[in-house]
Amino acid sequence: MNIPAIFSGLIFVISLVFIFSEKIHRSIAGIAGAVFMVGAGKVLGFYSEEAALGAIDFNTLGLLLGMMILVAMLEPTGFFQYLAVWAARASRGKPVRLFVLLGSITTVLSMFLDNVTTVVLIAPITILICEILGLSPLPYLMAEALLSDTGGVATLIGDPPNVLIGSAAGFSFNDFLIYSLPIVAVAWVATLILLRYLFRDELSKLPENANAVMSLNPAESLDDPKTARRILVVLGAAILLFFVHHLLHVSPSFIAMCAAAVALLWVQPDIAEMFKKVEWSVLIFFSALFVMVGGLEAAGVLDGIVGLMERLSSIPPLWFGISLIWIVAVLSAVVDNVPITIALIPVIRGLGEAGMDITPLWWALAFGAGFGGNGTIIGSTANIIVATLSEKTRTPITSSLWNRRGLPVMLVTCVIASVLYIVLYKTF
Amino acid sequence: MNISMCMKRNIVSIPDTYTIRDAAAVIVKKHIGLLPVVDKDDRLVGVVSLRSLLSLELPDFVNFVADLDFVHDFGAVETTRPPAEVLDNSVTTLMSPAMSVPEDAGLLRTYALLLQHNLHDMPVVSADGKLVGIASRVDIGVAILSTWAKRD
Numbered sequence: 033m034n035i036p037a038i039f040s041g042l043i044f045v046i047s048l049v050f051i052f053s054e055k056i057h058r059s060i061a062g063i064a065g066a067v068f069m070v071g072a073g074k075v076l077g078f079y080s081e082e083a084a085l086g087a088i089d090f091n092t093l094g095l096l097l098g099m100m101i102l103v104a105m106l107e108p109t110g111f112f113q114y115l116a117v118w119a120a121r122a123s124r125g126k127p128v129r130l131f132v133l134l135g136s137i138t139t140v141l142s143m144f145l146d147n148v149t150t151v152v153l154i155a156p157i158t159i160l161i162c163e164i165l166g167l168s169p170l171p172y173l174m175a176e177a178l179l180s181d182t183g184g185v186a187t188l189i190g191d192p193p194n195v196l197i198g199s200a201a202g203f204s205f206n207d208f209l210i211y212s213l214p215i216v217a218v219a220w221v222a223t224l225i226l227l228r229y230l231f232r233d234e235l236s237k238l239p240e241n242a243n244a245v246m247s248l249n250p251a252e253s254l255d256d257p258k259t260a261r262r263i264l265v266v267l268g269a270a271i272l273l274f275f276v277h278h279l280l281h282v283s284p285s286f287i288a289m290c291a292a293a294v295a296l297l298w299v300q301p302d303i304a305e306m307f308k309k310v311e312w313s314v315l316i317f318f319s320a321l322f323v324m325v326g327g328l329e330a331a332g333v334l335d336g337i338v339g340l341m342e343r344l345s346s347i348p349p350l351w352f353g354i355s356l357i358w359i360v361a362v363l364s365a366v367v368d369n370v371p372i373t374i375a376l377i378p379v380i381r382g383l384g385e386a387g388m389d390i391t392p393l394w395w396a397l398a399f400g401a402g403f404g405g406n407g408t409i410i411g412s413t414a415n416i417i418v419a420t421l422s423e424k425t426r427t428p429i430t431s432s433l434w435n436r437r438g439l440p441v442m443l444v445t446c447v448i449a450s451v452l453y454i455v456l457y458k459t460f
Numbered sequence: 057m058n059i060s061m062c063m064k065r066n067i068v069s070i071p072d073t074y075t076i077r078d079a080a081a082v083i084v085k086k087h088i089g090l091l092p093v094v095d096k097d098d099r100l101v102g103v104v105s106l107r108s109l110l111s112l113e114l115p116d117f118v119n120f121v122a123d124l125d126f127v128h129d130f131g132a133v134e135t136t137r138p139p140a141e142v143l144d145n146s147v148t149t150l151m152s153p154a155m156s157v158p159e160d161a162g163l164l165r166t167y168a169l170l171l172q173h174n175l176h177d178m179p180v181v182s183a184d185g186k187l188v189g190i191a192s193r194v195d196i197g198v199a200i201l202s203t204w205a206k207r208d
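Going line by line, the protein sequences match chains A and B. Quick note on numbering: the first sequence equals residues 33 to 460 in my numbering. Quick note on numbering: the second sequence equals residues 57 to 208 in my numbering.
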């Protein structure tokens, strides 16, 4: 190994330790790591500022930013609250029906919007509905996190690893609908049935006062119907354009930014207030990881890893893919799946350059990163959000509860993904 | 004029050995909003407010949902009581640190402190830390307004 490889490898590993240990904020660790990487690259001559800028995937950032702006404008209208209140009324206070409705709404929203925002906005109303019904909110909150994580795997824009993979592999929005959605649909139904079974005791308890939910008024919970309608029109148009973006020869990020621009022009919100809701720290974290991984690539570290993996090429490609699903899933359960995805993208690309058929590997990466997050309370940001929120209530979600109810979901979804991966392998 | 001239001197306080249930009973009996907690030397160690007692019964969603106008019926929450084991806890688990002023504190200063800390009653302590009185917003406000009546 040469000096640049050792230095860049060390910088990356130390940054990851700080990111994963959560001792300091991941964006701070990311910025520091990126600066060290570029500095080391300039001194040792393996990386430059221009190369660092070139390593940033602006397609990913643009797509995330565009969707964040739309959600930031939709959030204060009370639309999410409206949907949850509607679900409560439609359930007539029946626990299983409420469980399925809230789970489905969260899933559909998180297929097109950020999982975290969806959960952040639906979870408080879930607690409200459960409390006035006299039910424990735990099964509902956990189902929302698990089903939104699972549902997000279905679309190009559903979760950050998919955005990254779609951009790197050049997959279109429809590619995800053709290859990922069917597998996710099976995994989603299995998750719902499994959770229904795991929470059978809680869900069999009938509410003390089912009529209370009928007094909730969805119309009153929607604070700004006019703005909500406008943003939903723009969002709907954007989703339609996503279906045909490859025919129009435009990237998904261009469509997302167009939608953000149209919505901004149409609604003209208080720009400072709106920008506060955009998660800049996420965008910075992504950029920093791109810069660091770009440094690893430039220093030849990733070539080394690709070389090592090529020696494993005696393994049949199908089993290579299955192993990738499980390795990424286990990693994603214990640490953030975004750095894992960003680091593995150039490795998979390298394997492709070495002659391997990598299309199935991209899907394996998407399934592993997506379903793996279900395994632990810290596996995904949505999980952390519902756990943190529930800690402020009388019925906190504990790590051991998650291991009993969330880990089975991860195992079942990964088994389903593996089986369907084998069945559908030839079509990838 | 200072705080000692308008405060109530016949104060109800409880020892720090009481349970939450005991504290609630005293508040009910005396119909008051703030209960000072004192140690065996009569020194102020904290306060229990009506508000913090009621927080035990208030549903969790009130802290998360900003606008509750659309909730017309609190349903099961209206009839849930705090669990017995919570009520049998020592009052010190619920008490807040005591904010207090000395006997010679000015009226406007004390009133401003109540406003800033979103409180309604201010305990008054002597130089050796003993609780000697309590002044409410009304006590202080009336004392301030009474000076307006005199024409210069």
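In short, the hints are calculated from the structure, not lab data. Glycine is no exception: its CB is placed at the ideal position from the N, C-alpha and C atoms. Some clues are possibly wrong.
For each label pair, taking beta carbons as the anchor points, the in silico distance ranges come out as [to be verified]: (1) B:164 / A:60: 30 to 36 Å; (2) A:232 / B:145: 29 to 35 Å; (3) A:232 / B:128: 30 to 36 Å; (4) A:108 / B:77: 40 to 46 Å; (5) B:120 / A:435: 23 to 29 Å; (6) B:145 / A:237: 22 to 28 Å; (7) B:165 / A:430: 45 to 51 Å.
Straight-line Cα separation of at most 25 Å, SDA-like style, residue types lysine to any residue; simulated pairs [what the hints assert, rightly or not]: (8) A:126 / A:108; (9) A:237 / B:68; (10) A:424 / B:141; (11) A:74 / A:126; (12) A:237 / B:201.
Computed footprint of chain A on chain B; a stretch qualifies when at least three of its residues, placed anywhere within it, have a C-beta under 8 Å from a C-beta of chain A [unchecked claim]: (13) 102-112; (14) 118-126.
Indices of hints not satisfied (ascending): 1, 8, 9, 11, 12, 13
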